[in-house]
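As they're listed, the protein sequences go chains L and P. Read the first sequence against my numbering and you will find it ends at 631, with the numbers running on by one and no gaps. Read the second sequence against my numbering and you will find it ends at 1193, with the numbers running on by one and no gaps.
What the hints contain is simulated information worked out from the structure, not anything from laboratory work. Please note that a few of the clues may not be correct.
[To be verified] To list a few chain P residues with every Cβ distance to chain L over 10 Å, as calculated:
#1 Ala1032
#2 Glu1072
#3 Thr1093
#4 Arg1096
#5 Arg1098
#6 Cys1109
#7 Ser1116
#8 Glu1119
#9 Val1129
#10 Glu1134
#11 Asp1135
#12 Arg1144
#13 Leu1177
#14 Arg1182
#15 Lys1183
[Stated by the list, open to error] Within a straight-line C-alpha distance of at most 27 Å, the following computed DSSO-like cross-link-like pairs (lysine-lysine) qualify:
#16 L/Lys591 with L/Lys511
#17 L/Lys591 with P/Lys1172
#18 L/Lys103 with P/Lys1172
#19 L/Lys194 with L/Lys350
#20 L/Lys571 with L/Lys511
#21 P/Lys1183 with P/Lys1172
#22 P/Lys1102 with L/Lys103
#23 L/Lys591 with L/Lys603
#24 L/Lys571 with P/Lys1102
#25 P/Lys1180 with P/Lys1102
#26 L/Lys491 with L/Lys331
#27 L/Lys491 with P/Lys1068
#28 P/Lys1068 with L/Lys331
#29 P/Lys1102 with L/Lys331
#30 L/Lys350 with L/Lys571
#31 L/Lys571 with L/Lys591
#32 L/Lys194 with L/Lys151
#33 P/Lys1172 with P/Lys1102
#34 L/Lys103 with L/Lys151
#35 P/Lys1183 with P/Lys1102
#36 L/Lys491 with L/Lys511
[Unchecked claim] Derived contacts from chain P toward chain L, CB cut-off under 7 Å, selection only:
#37 Thr1045
#38 Phe1090
#39 Asp1123
#40 Gly1126
What you are looking at is a predicted structure, and each value in this text was computed from that prediction instead of being measured. Every residue, glycine too, gets a C-beta built ideally from N, C-alpha and C.
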Amino acid sequence: MGEIAPASAPLDRKTLAELRLRLADTLRARAGEPATGAPRELLVCAGGACISCHSVAVADELERALAASSLAGRVRVVRVGCMGLCEAGPLVVVSPDGVYYQKVDREGARRIVAEHLIAGRVVSDLELAWDAPDGRRLTGHEVPFFAQQVKIALRNCGVIDPAAIEEYAARDGYLALERVLFELSPDEVIDALKSSGLRGRGGAGFPSGMKWQFVREAPGDEKFVVCNGDEGDPGAFMDRSLLEGDPHSIIEGMAIAGRVTGASRGFVYVRAEYPLAIERLDNALTAARRAGLLGEDILGSGFGFDIEIRIGAGAFVCGEETALLRSIEGKRGTPQPRPPFPAQHGLWDKPTLINNVETWASVAPILLRGPQWFAAIGTRRSKGTKVFALAGAIRNTGLVEVPMGISLRTIVEEIGGGIPSGRSFKAAQSGGPSGGCIPAAAADVAIDYESLQELGSIMGSGGLIILDDRTCMVELARFFLEFLVEESCGKCPPCRIGTRVMLNLLERITKGEAVPADLDTLEALGRHIQRTSLCGLGQTAPNAVLSTLRHFRAEYDAHVLEGRCPAGQCKALLTYTILAEPCSGCALCAKACPSGAITGEIKHLHVIDQELCIHCGACLSVCPTDAVEAV
Amino acid sequence: MSTRNELARANAAVETRTGEPPEDAVAPATLALIDTYLRDHPGGTERLIPVLHRVQEELGYLPFPVIKAIAERLGISPIQAYGVVSFYHFFTTTPRGRYQLKVCMGTACFVRNANSVLEAVRDTIGLEVGGVTEDRLFSLEQVRCLGACGLAPAMMVNSEVHGHLTRNGVRKLLLGLRAKARKPHTGGEGDNG
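Taking the hints into account, I'd like the entire structure generated from these sequences.
And the structure:
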């Protein structure tokens, strides 16, 4: 049986090798890979989203039910990291059977033990299943959400208990670090990264191997390694899930970089909004130190390295690397002009290697499985996989890792399960506030760094928000501009003033007060801000506006020329009327109306006085019979 | 939780008793907290943000005298420290509620009608963004993405995320918290009133 004892003593290379042998099959079975003799286990998703849906109570209930059954002491409940399919949480997987259960509550937990484990039949009404177009009912790892993914960075998420360093080690964890310490030279590591084609996963896509080389070659006796976990893009939760689900993969990547570049101190900068990620990373750091995988003389190699956590304080601009470094120094997080780059003059002016969470998690697999394996995945210029946080108007909200070059259509229709409520796919928003919108018409384009840029968007860190026909693109652009106005650090005028002016123009458009020339101003101003801003925040700030202007010009024209919002979202442009047929005369609308525009007798049709109406939409949201129409 | 309230009360007591300029009005317990933190974490001015986090965690906010005391200990000017406090959204110089409501206004929540959550909070406890209820039980902020997009629309109450919120769900949640907050103290106030 795969009994896992907590490591209280340092792990030497022999113990690590034994762990890997002993636990390999257990963990392979959990990941749905071929394995023999794996024990039966119940995996409960303890990712942030599932915890919010009470998965911890479900795990406790499973343990109680097991303890009271004939299986007492024979089946373990493992609290694993994010399994990805947040929409269906809390998720429970029976391993090695590969049966997924969705939306499990306490009652469901008891049934899984009684029916599946004891009586030996799958609880089919709780099972995660997908009806394929050809009529087959797909279950387990065959469900398209899982089947279409290739997991490299997320290889351990949902498979291991993030609190058990032994489980990480058993998945060949810290094996790449061992190789780097005892077998590979720093130049060999850099060459491997270069030929793998790995590019920075934080958004800009700079070749990682080159960055490592710059820092290695930079003169200086003190250097630093930094992990950028300031995941500020609204709609992105890749970094959070990775830090929560597999913190050791980031620690290992950073330790390898420490050895290669000659740094002995590392920092992980995490958002304050992610308390669970901070807690799990902190625990993992403690475990790694106790195991002798961090600290002085790692595994007897003579190499010493340690990592500290720095908690952000809610400033979007700190995702920009120079701003982040200032923040670690305890200062206001304002960006600095580049060059000089952090590789030469970074933290406290010393050479600093800064990579994103997902980049760090990709380092060890590349060194273990070889750069050719990694480079064989993806497109000509974008290699490997990318993690996306799929959210918005999509059935399967969650975290997915897909090969570069996949089409948006595959992500939306197959992995994402399509658009819910019979709506149609309008666009996808990638790259957060710095990104842009990809229209449904471009859904077949192979996604990589270059193709997204050609479409006027960016890869960004991987937030992918799916929009249906109810989303107004002008209002969406306004939403992002408002965000950026608030988050602009104020250091350079194009960003500080320019975004403000753009926002004013957009507000005029959504209120129906704009003139046709405003659209030209918006475009010209956007290009100007792109060219003249100091840092990435300002340079990309106009993207949301420019990409929607480019792909959805007709929608802007409808607002400006016809005073109409085709998606029905811009309240000021809507006319509210009460339809006679469904109106029950309940008077809820009249009570809710802040301007007293609605009159009518109880149980009779109510009427809105268009002169008094302030277009707030309160009547629409309270009407129990959907009698209020907004066009 | 209780330490936070105690410290906040102690601070307020010192402020009102002395009636002096607020510079001198930091509760000894708060000073001890700062000194202990700085002693346990040796280093330089890079400790400013961590120590601000630590103090805000206890007090719920960062009063000016406290910022000044921290600045003195780190050997920087008070305005430098205040510059940092005002730069980051997470830090606040006004007291927050016992239950800090943070409504996510990230893109996924926006697409799934996060505005209705704000409206429901306003309708239930009469709070606007940035406000605190008179009894200091609730304070309301909007935040930019909690990373809980799978649960959109979502709201954080202190460090717990609540997802898939409906107007009615928000109402129930807030009324439940208010009822819970009133119960343990009924011995002192409720019975008499």
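Tested hints:
Separation of P/Ala1032 from chain L is adequate, the least Cβ-Cβ distance of about 22 Å exceeding the 10 Å criterion. Non-interface call for P/Glu1072 relative to chain L: holds, since the shortest CB-CB distance, roughly 15 Å, exceeds 10 Å. At roughly 13 Å from the closest C-beta of chain L, the C-beta of P/Thr1093 stays outside 10 Å, upholding its exclusion from the interface. The Cβ of P/Arg1096 lies farther than 10 Å from every Cβ of chain L, with a closest approach of about 14 Å, so its non-interface assignment holds.
The beta carbon of P/Arg1098 is kept farther than 10 Å from every beta carbon of chain L, the shortest such distance being approximately 18 Å. Residue-level check failed: P/Cys1109 sits 8 Å from the nearest beta carbon of chain L, not beyond 10 Å. Not every Cβ of chain L is farther than 10 Å from the Cβ of P/Ser1116; the closest lies at roughly 7 Å, contradicting the non-interface assignment. Some Cβ of chain L comes within 10 Å of the Cβ of P/Glu1119; the nearest lies about 8 Å off, and the non-interface call is violated.
No beta-carbon of chain L comes within 10 Å of the beta-carbon of P/Val1129; the shortest separation is about 12 Å. In this structure P/Glu1134 is separated from chain L by more than 10 Å, as the shortest Cβ-Cβ distance comes to about 23 Å. Here P/Asp1135 stays apart from chain L, with its beta-carbon at least about 26 Å from theirs, past the 10 Å limit. A beta-carbon of chain L is positioned within 10 Å of the beta-carbon of P/Arg1144; the least distance is around 5 Å.
No beta-carbon of chain L is positioned within 10 Å of the beta-carbon of P/Leu1177; the least distance is around 16 Å. Interface exclusion of P/Arg1182 from chain L stands, the closest Cβ pair being 25 Å apart, more than 10 Å. Chain L leaves P/Lys1183 outside its interface by the beta-carbon criterion, the shortest separation being 22 Å against a cut-off of 10 Å. Distance check on the hinted pair: L/Lys591 and L/Lys511 sit about 25 Å apart at the alpha-carbon level, within 27 Å; holds.
With a CA separation close to 21 Å, the supplied pair L/Lys591 and P/Lys1172 stays within the 27 Å bound. Annotation: proposed proximity of L/Lys103 to P/Lys1172 holds, straight-line Cα distance about 22 Å (limit 27 Å). At roughly 24 Å between alpha-carbon atoms, L/Lys194 and L/Lys350 fall within 27 Å of each other, so this suggested pair holds. Our distance criterion of 27 Å between C-alpha atoms is met by L/Lys571 and L/Lys511, whose separation comes to about 8 Å.
Our distance criterion of 27 Å between C-alpha atoms is met by P/Lys1183 and P/Lys1172, whose separation comes to about 16 Å. A hinted pair counts as satisfied when its Cα atoms are at most 27 Å apart, and P/Lys1102 with L/Lys103 qualifies at roughly 25 Å. Pair hint L/Lys591 plus L/Lys603 holds up; C-alpha atoms about 14 Å apart against a cutoff of 27 Å. Distance restraint check for L/Lys571 and P/Lys1102: the Cα-Cα separation of roughly 25 Å lies within the 27 Å cut-off, and the hinted pair is therefore satisfied.
Between P/Lys1180 and P/Lys1102, the direct Cα distance comes to roughly 19 Å. Compliance with the 27 Å bound is thereby established for this hinted pair. This hinted pair checks out: L/Lys491 and L/Lys331 have alpha carbons roughly 14 Å apart, not beyond 27 Å. This hinted pair checks out: L/Lys491 and P/Lys1068 have alpha carbons roughly 25 Å apart, not beyond 27 Å. For a cut-off of 27 Å, the pair hint linking P/Lys1068 to L/Lys331 stands: about 16 Å separates their Cα positions.
As the CA atoms of P/Lys1102 and L/Lys331 are separated by approximately 25 Å, the hinted pair is consistent with the 27 Å bound. Our distance criterion of 27 Å between C-alpha atoms is broken by L/Lys350 and L/Lys571, whose separation comes to about 52 Å. Among the hinted pairs, L/Lys571 with L/Lys591 is consistent with the structure: their alpha-carbon atoms are about 19 Å apart, no more than 27 Å. The straight-line distance between the Cα atoms of L/Lys194 and L/Lys151 is roughly 21 Å, inside the 27 Å bound, and the hint therefore holds.
In summary, the hint linking P/Lys1172 to P/Lys1102 is supported, as the alpha carbons are separated by about 16 Å, within the 27 Å threshold. Note on L/Lys103 and L/Lys151: the hinted pairing holds, with a Cα-Cα distance of about 24 Å set against a maximum of 27 Å. For a cut-off of 27 Å, the pair hint linking P/Lys1183 to P/Lys1102 stands: about 24 Å separates their Cα positions. The hinted pair formed by L/Lys491 and L/Lys511 fails the criterion: a straight-line CA distance of about 30 Å is larger than 27 Å.
Of the supplied interface hints, the one on P/Thr1045 holds, with its beta-carbon coming within about 5 Å of a beta-carbon of chain L, less than 7 Å. With a cut of 7 Å, the hint placing P/Phe1090 at the interface with chain L holds, because the nearest CB-to-CB distance is about 4 Å. Here the hint on P/Asp1123 is broken, as its CB sits about 10 Å from the closest CB of chain L, past 7 Å. Hint status for P/Gly1126 relative to chain L: violated, with the closest Cβ pair at about 14 Å, above 7 Å.
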